[in-house]
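Going by our numbering, the letters in the sequence shown line up with residues 73 to 289, in that order.
A hint or two may mislead.
[Said to hold, decoys possible] In silico DSS-like cross-links for lysine-lysine, where the CA-CA straight-line distance does not exceed 25 Å:
id : residue 1 : residue 2
1  : K237      : K200
2  : K254      : K207
3  : K237      : K163
[What the hints assert, rightly or not] Derived CB-CB ranges, DEER-like:
id : residue 1 : residue 2 : range
4  : A191      : Q217      : 17 to 23 Å
5  : H252      : P140      : 22 to 28 Å
6  : E180      : K200      : 31 to 37 Å
These are computed hints drawn from the structure, not numbers from a lab.
Note that this is a predicted model, so its numbers are computed, not measured.
Don't be surprised by glycine CBs; every beta carbon is placed ideally from N, CA and C.
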Amino acid sequence: MMRKTIIFSSFILVVFLLFIPTKEKLLEVFNVTDSPEVIAKGTYGQTLTIDVSFGDQELEQWVKTLSPPYPLLLLDKDWINRSPTILQLIKEKRIPTGLLGKESTYYESNLMALEEEIAIYEKHFGVKPLWFRTKDQLFPSDMRQHLWQEQINMLGSSKVWTNDKLPILVKGDIITAPMHQKERISFKKIDELRAKYEFSTLEKTIFGYEIKDKKFP
């Protein structure tokens, strides 16, 4: 009887170990496609993303009052370097972030610039970005291969918000709101959109469920 109990317990332990989500399995979850493709739309909900390259006191106050579900903030490397106070707020509130690049043409024959941006993000957040987006949402083929090797997903969007009119969203939409010096959507309008729609995390919009552990990749 004791032997049968030991064998059964060992079998249960093996099955349990097989289903522990290792780092490699989590990485597979975030490699959403089987090849270097741009993710621009989900299936299950809507996600708000904000491209941030400009903002100081007003942005800081907005971040302080921001409540879940949080938008995904794509952060420009120069903004990261000059905004330590807001960056600390973002980290304390565990607001999801990614890396915002420049126009795609900036990287032509200059992938070292991309490496520098990734390194700056990693310096401040302790990990490489999970998501990367160029300002024009175009990704040259050599950049795609490089990001794929770095295990960084390329993020586009299904809608780009360009004026004060509230956009109409459908299931699966990933919407981008710009926050640049010469092009930006007001926080008032962003809050109105957040009140109108029930936004989800990007992972939930894509997969249909939440990913709790943000350490990987």
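A quick look at each hint next to the structure:
Between K237 and K200 the CA atoms are separated by roughly 35 Å; this puts the pair beyond 25 Å, and the hint is violated. Straight-line distance between C-alpha atoms of K254 and K207 comes to about 13 Å, which keeps the hinted pair within the 25 Å bound. The straight-line distance between the Cα atoms of K237 and K163 is roughly 31 Å, outside the 25 Å bound, and the hint therefore fails. One distance hint, 17 to 23 Å for the beta-carbon pair A191 and Q217, holds here, with the actual separation near 19 Å.
A C-beta distance of roughly 25 Å is found between H252 and P140, which places it inside the suggested range of 22 to 28 Å. Taken as a hint, the range 31 to 37 Å is violated for the pair E180 and K200, whose Cβ atoms sit roughly 22 Å apart.
Violated hints, in rising order: 1, 3 and 6; the structure is consistent with all others.
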